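Q: Let's have the full structure, built from the sequences with the hints guiding it.
Number of protein chains: 6
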Amino acid sequence: MSNDKTKKGREMMARLFGPAGEKAANIFDDVAPDFGQYMTDHVYGDIYQRDGLDLKTRELAAVAGITALGYAKPHLKTHILGALNAGASRVEIIEVIMQMSAYAGFPAATIGLMAAREVFEKANSEK
Amino acid sequence: MSNDKTKKGREMMARLFGPAGEKAANIFDDVAPDFGQYMTDHVYGDIYQRDGLDLKTRELAAVAGITALGYAKPHLKTHILGALNAGASRVEIIEVIMQMSAYAGFPAATIGLMAAREVFEKANSEK
Amino acid sequence: MSNDKTKKGREMMARLFGPAGEKAANIFDDVAPDFGQYMTDHVYGDIYQRDGLDLKTRELAAVAGITALGYAKPHLKTHILGALNAGASRVEIIEVIMQMSAYAGFPAATIGLMAAREVFEKANSEK
Amino acid sequence: MSNDKTKKGREMMARLFGPAGEKAANIFDDVAPDFGQYMTDHVYGDIYQRDGLDLKTRELAAVAGITALGYAKPHLKTHILGALNAGASRVEIIEVIMQMSAYAGFPAATIGLMAAREVFEKANSEK
Amino acid sequence: MSNDKTKKGREMMARLFGPAGEKAANIFDDVAPDFGQYMTDHVYGDIYQRDGLDLKTRELAAVAGITALGYAKPHLKTHILGALNAGASRVEIIEVIMQMSAYAGFPAATIGLMAAREVFEKANSEK
Amino acid sequence: MSNDKTKKGREMMARLFGPAGEKAANIFDDVAPDFGQYMTDHVYGDIYQRDGLDLKTRELAAVAGITALGYAKPHLKTHILGALNAGASRVEIIEVIMQMSAYAGFPAATIGLMAAREVFEKANSEK
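Protein chains in written order, with this note's numbering: chain A, 85 to 211; chain B, 85 to 211; chain C, 85 to 211; chain D, 85 to 211; chain E, 85 to 211; chain F, 85 to 211.
If you are wondering where the hints come from, they were derived from the structure by calculation, not from laboratory data. The structure displayed is predicted, hence computed values, not measured ones. The reader is advised that the hints may include incorrect statements.
It does not matter which identical chain is meant; a pair holds if it fits inside one copy or across any two.
[What the hints assert, rightly or not] Straight-line alpha carbon distances no greater than 27 Å define the calculated DSS-like cross-link-like pairs of lysine-lysine that follow:
{"hint": "1", "residue 1": "K157", "residue 2": "K140"}
{"hint": "2", "residue 1": "K161", "residue 2": "K92"}
{"hint": "3", "residue 1": "K211", "residue 2": "K157"}
{"hint": "4", "residue 1": "K89", "residue 2": "K211"}
{"hint": "5", "residue 1": "K206", "residue 2": "K89"}
{"hint": "6", "residue 1": "K157", "residue 2": "K107"}
{"hint": "7", "residue 1": "K91", "residue 2": "K107"}
{"hint": "8", "residue 1": "K140", "residue 2": "K107"}
{"hint": "9", "residue 1": "K91", "residue 2": "K211"}
{"hint": "10", "residue 1": "K157", "residue 2": "K206"}
A: In structure tokens:
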């Protein structure tokens with residue numbers, strides 16, 4: 085079941101998202117046992133392994149794209165954490181989210197800012 | 085009608101988008117004469133003037149967010165040009181667009197890649 | 085196949101959209117012969133017959149909602165025409181579309197303004 | 085930090101949304117201190133100050149557009165309250181939301197109706 | 085108020101969704117008394133009565149489309165139950181949802197899988 | 085560069101989409117040379133190889149989901165062709181698209197019907 089791509093993908097998820105990343109790969113094992121591996125392989129084993137874009141910018145792009153969707157606050161929180169762990173500052177994350185008001189409107193941007201606050205507050209409380 | 089914020093916004097649009105940027109600010113003068121100024125002021129006079137995120141990353145975030153929308157290929161082309169003019173490489177732009185397949189699906193990503201190709205080909209032909 | 089609801093719906097479509105409205109009800113007769121009647125019945129035979137909202141405001145609400153979708157420029161043009169025929173001024177239509185920049189972003193709003201321009205120009209040329 | 089546009093914007097927010105409006109302008113002061121002012125300036129200081137569309141219709145257009153987005157129930161509730169405070173009747177608000185089933189589907193419309201019920205029930209309990 | 089189409093629609097909703105289906109038709113009687121009938125008539129009295137697509141595939145198509153929207157988890161749960169009651173297996177439902185990662189991205193697919201788990205767990209606990 | 089998953093994926097694309105499928109895997113070789121393989125591997129080498137859902141229903145689910153997106157008419161045409169090649173009838177495809185009016189609104193459904201007409205007419209002319 086495991087191969088090199090999956091292994092690299094899981095290491096990337098652990099690096100970006102910590103314990104939550106390890107859990108994420110198995111979160112649907114009860115109802116969709118292969119789904120976690122597909123996501124791991126395609127997203128973190130293929131795309132996130134690529135040269136040509138540094139990991140911090142990649143996670144800021146993830147924050148941008150998911151903020152624009154509007155409906156995916158839990159996934160946005162995961163990637164806000166990922167951006168922090170990839171070296172982005174809180175300010176950079178906030179700037180990216182605020183900017184999305186221009187392309188996706190203020191509701192999407194405010195949902196994004198709420199997600200950022202929740203991630204930042206959790207990080208503060210864990211210090 | 086013009087103020088300092090508008091002036092700075094227009095300079096930013098010219099820097100990012102070239103002659104197209106100057107045109108963009110006036111493109112709806114016939115049907116919505118104030119719209120161009122609102123966009124100039126809010127997006128390029130306020131948000132794009134901010135410290136905390138370098139201009140190249142800002143434009144890559146724009147590419148990410150607009151790719152995720154799926155329906156806005158002309159606006160995406162404008163910001164792909166903006167990303168190039170802000171110092172992003174073609175490779176970085178392509179990486180951001182490809183990555184959006186993970187969050188918004190392959191149709192949105194392929195529309196994004198088509199937009200990138202059109203901008204790159206136009207840039208090639210103008211050399 | 086025809087009943088009172090369908091008849092009222094078709095009259096409403098003709099009133100709002102003119103000859104295009106009569107055509108719209110039959111536009112998919114080749115591939116989906118009942119679709120036109122469903123749309124006529126549900127939208128124009130049920131909802132648009134209701135008291136409680138004047139027809140002009142209803143069409144401005146249609147313009148607002150379809151602008152926010154971003155991807156439906158032909159349908160938006162139909163309802164911009166409908167808004168004009170229901171008594172809305174060009175200024176009111178433009179105001180509604182501009183306002184959508186706040187909720188759905190500037191790309192959606194600019195697609196809306198392009199739609200409005202095309203409808204207005206066609207109306208000008210027919211005078 | 086405050087100017088005439090911001091001042092007018094804040095007055096508009098207080099008029100439309102009451103105490104919630106005053107709070108909304110400062111709600112992200114901890115993570116994104118300038119965001120509230122940008123929203124205030126662009127949306128309520130620029131767009132909502134414009135002639136050409138009466139405030140009641142503007143808020144009904146907001147209800148229409150945000151219902152069509154589908155994902156922004158809290159923002160929809162804010163503008164349902166705004167529509168009431170701008171003089172729209174409950175019936176007019178419900179008609180606009182129901183109508184969105186035609187353009188954005190029944191899930192978006194039912195989320196809108198749930199939002200309306202919550203706002204109406206809160207208003208009832210405060211009488 | 086009741087007619088043959090409404091009657092057939094209600095029977096279809098009861099067949100697909102059980103007691104929840106009967107409730108759904110009246111759920112907005114307090115704020116939007118005709119809305120339930122419009123939905124019943126258009127969706128379950130017209131479309132769902134049609135030959136040409138078996139009911140199981142229809143409900144799997146509903147699961148596909150609503151998963152792609154991303155924002156409508158409660159409606160998705162209703163149609164996952166409907167798919168089960170129309171004869172789809174849990175495996176078929178999961179396959180459809182997983183597949184949506186390709187067209188609408190992983191966030192939409194994972195929201196869908198969460199919805200499926202909740203419906204399956206409720207069904208388990210009721211056995 | 086090629087492996088077993090890629091090989092199976094390409095065979096699936098050729099089976100579903102004919103010559104267009106073979107072209108699709110290489111369509112971005114100029115700007116994003118690995119993208120075609122990622123799509124081939126993840127979508128057609130992984131998901132479309134799975135048991136648990138017959139290929140015809142899978143393609144009808146693709147038609148449903150992509151119709152609901154609203155903005156991806158070219159991709160929808162590809163999967164309408166795929167549905168035909170997987171054994172779906174024109175009637176089944178039309179039923180799925182019509183049904184999306186309930187979840188995503190009439191604009192999305194009419195864009196879907198236009199896509200179906202174009203695919204059907206091309207198929208007629210090639211007979």
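Q: Please go over all the hints and tell whether each is borne out by the structure.
A: Hint by hint, here is what the structure shows:
no., hint, result
1, K157 - K140, "both (20 Å within a copy, 26 Å between copies)"
2, K161 - K92, "within (22 Å within a copy, 33 Å between copies)"
3, K211 - K157, "within (23 Å within a copy, 33 Å between copies)"
4, K89 - K211, "neither (33 Å within a copy, 40 Å between copies)"
5, K206 - K89, "neither (31 Å within a copy, 36 Å between copies)"
6, K157 - K107, "both (18 Å within a copy, 22 Å between copies)"
7, K91 - K107, "within (14 Å within a copy, 31 Å between copies)"
8, K140 - K107, "within (22 Å within a copy, 34 Å between copies)"
9, K91 - K211, "neither (30 Å within a copy, 39 Å between copies)"
10, K157 - K206, "both (15 Å within a copy, 25 Å between copies)"
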